[in-house]
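Read top to bottom, the protein sequences are chains X and C.
For the first sequence, position 189 matches number 286 in this note's numbering, and the numbering has no gaps at all.
For the second sequence, position 194 matches number 574 in this note's numbering, and the numbering has no gaps at all.
This list has only true hints and no planted wrong ones.
With the C-beta cut set under 8 Å, the calculated list includes, among others, these residues of chain C facing chain X: (1) 497; (2) 498; (3) 499; (4) 500; (5) 502; (6) 518; (7) 519; (8) 524; (9) 525.
One-sided excerpt, in silico: chain X residues whose CB lies under 10 Å from chain C: (10) 347; (11) 349; (12) 351; (13) 422.
Computed cross-link-like contacts, SDA-like style, restricted to lysine to any residue with a CA-CA straight-line distance of at most 25 Å: (14) C:526 - X:298; (15) X:411 - X:361; (16) C:788 - C:645; (17) C:526 - X:344; (18) C:506 - X:374; (19) C:526 - X:379; (20) C:526 - C:492; (21) C:526 - X:374; (22) X:411 - C:520; (23) C:705 - C:735; (24) C:526 - X:378; (25) C:526 - X:317; (26) C:526 - X:343; (27) C:506 - X:378; (28) C:526 - X:297; (29) X:254 - X:277; (30) C:506 - X:379; (31) C:506 - X:297; (32) C:526 - X:370; (33) C:403 - C:449; (34) X:290 - X:276; (35) C:526 - X:373; (36) C:403 - C:454; (37) C:506 - X:344; (38) X:411 - X:296; (39) C:526 - X:296; (40) C:506 - X:373.
Derived by calculation from the structure, the hints in this document are not laboratory data.
Where a beta carbon is used, it is the ideal one built from N, C-alpha and C, also for glycine.
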Amino acid sequence: MAEVSVIEAVHETLDEVLAADERVFLLGEDLEAGGVFRATDGLSAKYPGRVLDAPLAESSIIGITIGAAHYGQRPIAEIQFADFIHAGFDQLCSEASRWSWRTRGEQYLPMVVRTPWGGGVHGGQHHSQSIEAYYAHMPGIKVVAPSFPADYRSLLKAAIADPNPVLFLEHKRTYRLIRQEVDGAPAEDRIGKSRITRRGDDLTVFAYGLMLHESLAAAEELAGEGIECTVVDLLTLNPLDRETILEAARATGKVLIVHEDTLTGGLGGELAGIIAEHAFEDLDAPIRRLAGPDIPPIPFHEVMETAFMPDRTKIAAAARDLAAY
Amino acid sequence: MATVTMPQLGESVTEGTVLQWLKQPGDTVALDEPLCEIETEKVAAELPSPFEGTLGEILVPEGETVEVDAPLCTIEEVAVSVPPEPVAASAAVAEPAANGTDAPSPAADNSRADVYSPVVQRLAAKHDIDLAAIAGSGRGGRVTRKDVQALIDEREREAAAADGIPAAAAPLPLPDGEVVPTPDVATVAASDAYDVVPLSATRRKIGENMARSTAEAPQAWMMVEADVSGLVDLRSRERERFVGVDLTYLPYFASTVAHTLTDFPELNARWHGDELRRYRRVNLGIAIATERGLVVPVVPNARDLSVAGLARRIDDLVARAHAGKLRIEDMEAGTFTVNNTGAFGSIASNPIVNHPQIGIVTMERVVRRPVVVEGDAIAIRSMMNIALSFDHRALDGAEAGAFLAALKERLEALG
Chain X
98 MAEVSVIEAV HETLDEVLAA DERVFLLGED LEAGGVFRAT DGLSAKYPGR
148 VLDAPLAESS IIGITIGAAH YGQRPIAEIQ FADFIHAGFD QLCSEASRWS
198 WRTRGEQYLP MVVRTPWGGG VHGGQHHSQS IEAYYAHMPG IKVVAPSFPA
248 DYRSLLKAAI ADPNPVLFLE HKRTYRLIRQ EVDGAPAEDR IGKSRITRRG
298 DDLTVFAYGL MLHESLAAAE ELAGEGIECT VVDLLTLNPL DRETILEAAR
348 ATGKVLIVHE DTLTGGLGGE LAGIIAEHAF EDLDAPIRRL AGPDIPPIPF
398 HEVMETAFMP DRTKIAAAAR DLAAY
Chain C
381 MATVTMPQLG ESVTEGTVLQ WLKQPGDTVA LDEPLCEIET EKVAAELPSP
431 FEGTLGEILV PEGETVEVDA PLCTIEEVAV SVPPEPVAAS AAVAEPAANG
481 TDAPSPAADN SRADVYSPVV QRLAAKHDID LAAIAGSGRG GRVTRKDVQA
531 LIDEREREAA AADGIPAAAA PLPLPDGEVV PTPDVATVAA SDAYDVVPLS
581 ATRRKIGENM ARSTAEAPQA WMMVEADVSG LVDLRSRERE RFVGVDLTYL
631 PYFASTVAHT LTDFPELNAR WHGDELRRYR RVNLGIAIAT ERGLVVPVVP
681 NARDLSVAGL ARRIDDLVAR AHAGKLRIED MEAGTFTVNN TGAFGSIASN
731 PIVNHPQIGI VTMERVVRRP VVVEGDAIAI RSMMNIALSF DHRALDGAEA
781 GAFLAALKER LEALG
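Construct all of the structure, not just a fragment, from the sequences and the given hints.
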């Protein structure tokens, strides 16, 4: 039994799939040197010619990935910071997402785009953003955002095995913060499932990434006050696991959705829509969203960033209020 | 004796004028009933009486202006004029406030006591709960899901406790062997915990038969699903032309069962103690639900009748069953039973064998739904479940399964 961090889980999985499948190669900025977060540390020497540096051109990185997937490779692109992925938006959303539809299911694009996202690292406006909502909106792109190292292992493997384009989001604040005992081979996991990680009957909290950990911490604190939370780790943001989402919402009738992405047009709106549409008769309170405020840049200054980001204190306050409703 | 004073009608108001007295000394005055009209520089208003009683003395004549808080009149109060302090209510809201909520709720804030969430309304309707009678624990006295659920749980506990009371008819043995006398019917009827429904002869008979069948016959159950799209078309075509009675699915089903039983005589049988009697004729019992209870009249020699003949025969039995005019001979010598449970909307049921017969089939509701058909395509078909309970002493699953498979094949071939 070994304890691994999120970044170790990612590194180990990339190593494993490179060893297992000749068609797998990695493409991204500074990958040969190990990448800015060390996700590819040592892999370029171990797999010569299969860990490739790319110029600072995200559209090109994703475009090359699409082309390689067309030719039967299993490419894994890394966008150094999710903030820069929008340069490749057109490649992902106008090309990759619809290839199997355009070919009537005859061709698939087995490609993965990995990218670190999220705030809490004093990264400022270009190294802290949440970009998931833009891509989760796009049918044809699967969006995965795990929270625990074990899920990084199993879902990254599942993403590489998936015949469709998968955007694999790695929360950079959790890279070295979150550690977990993992044992043996990664679980056989599949994309599209959420998990109820904690059960309580007062309210249900939905979160992913760093916010999942903050929600669990808040739930622990609230339990000491007699408020019991159900906490759902969404894991996959597109397609959403409606069954688990509705089950968890119905269990308490009070729903709190947490994301650090800004409120308007964020994933919380879609979750709230699904719950309002299908679990209306089980609701005991208005659905509540706790999200980043609607301002474009995430602040750099520590005080300002703390004010911007939801955290365990804000989650607990919102949960208390909802429990008392 | 209480004194009514000039109110402050507005922030900066310091005095007011009595325009007109609406009550005179000796008049009875209800709480909030207008005493007089007063006027200030900002507003004119009626002054509602803060007390209930009899107007004593008028201290300020009409047209006179006095300062705020000056006495206007006296009232002889009636004994119960002071509303009691809402002690219980303020105690009830003290708890959530102490529970860490930041809402500084004033005593007895019931401003949201009549706001009911969807789940609260649904649970209340389902469990017949009077929401107005619940003291809500939510903000503003709102009734929460957990409040309603607590009441439902409590009721269930009470019901379970009530069920635990020994039935009146069963004498309760005491440890020393004494027997508590069974209460007589009058005592039981006087109980307010339940109503006593005397058993009709039919109900008693059904009860005996069911208990006997369950106790004596070890019953097994299986179910198959049939695509009856052909039957649905056939019946809708023939129904239009059919005269006299409404053509239902039941005659088709009865006919198919009767013919299939010809090939499976092991199911067209009765269990008689130490022997099994296989019958040469199919006397088909038809289960009919009536106001008096379930009856199972028999169509003798059902295999000899056409679908049209069965339709008329069953229609006659149903009519007479509802009218209570079935004869003894209608009820005898059944060899197998058909139950049209689909008529109640059921899609799967587990019938009890009509002892001493050894088999009973149910035809469940015909539902249109997508199914996988040949060539890996999906089509909308009319599907029906057929469930069979059988006396496992008389035959085994393999024979029962073969019978169901044959029945399914015949049904699917219709139309």
